[in-house]
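J.: Model the full structure from these sequences, guided by the hints.
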Amino acid sequence: MLFCVGVHETAHLVAVRVLVGPGRGAVICSSRVVAVLHPAVCGYRARLIASAGPVAGAVFAVAYWTLRPGDVVSQYTASVLLVVNLFGLIPLSTDGKVLLHGSTTTLPSGKHSA
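Position 58, counted from 1, in the sequence shown is what my numbering calls 58; the numbers after and before it change by one each time, with no gaps.
Misleading hints may appear alongside valid ones.
[What the hints assert, rightly or not] Taking lysine to any residue and the SDA-like style, the derived pairs with C-alpha atoms no more than 20 Å apart in a straight line are:
| no. | residue 1 | residue 2 |
| --- | --- | --- |
| 1 | 97 | 42 |
| 2 | 97 | 87 |
| 3 | 97 | 83 |
| 4 | 97 | 82 |
| 5 | 97 | 34 |
| 6 | 97 | 31 |
| 7 | 97 | 48 |
Keep in mind that the hints were calculated from the coordinates and are not lab data.
T.: Right, here's the structure in full:
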């Protein structure tokens with residue numbers, strides 16, 4: 001599960017560095033939060049950065065499912081990972097809110113992370 005979180009956040013970081021500029025963005029980790037901080041962005045860049053994490057996490061979950069056929073625990077784990085990452089695409093999550101609004105500056109909480 002932690003590896004999937006790493007894949008998700010690394011995808012955000014790579015998207016930030018490709019779309020905003022090299023050396024931009026930073027990963028923060030605490031006991032409650034793992035996030036990528038970056039400058040405020042709008043439009044398609046914000047949407048691409050926000051969608052990078054859930055899409056990469058979902059791809060990882062499908063790959064994990066495919067590589068571990070017949071193992072019930074692995075299949076269940078992959079299913080949970082897929083659902084959690086797809087949840088990131090709906091407006092109830094931070095990534096989903098950015099996808100809906102197209103800007104990290106319009107989030108109600110004032111967060112500037114994807």
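J.: Confirm or reject each hint.
T.: Hint check results:
1. 97 - 42: holds, 12 Å
2. 97 - 87: The hint holds at about 11 Å.
3. 97 - 83: holds, 17 Å
4. 97 - 82: Since the Cα atoms of residue 97 and residue 82 sit roughly 19 Å apart, the hinted pair holds (cutoff 20 Å).
5. 97 - 34: holds, 17 Å
6. 97 - 31: violated, 23 Å
7. 97 - 48: Holds: residue 97 and residue 48 sit about 13 Å apart, inside 20 Å.
In this structure, the one hint that does not hold is number 6.
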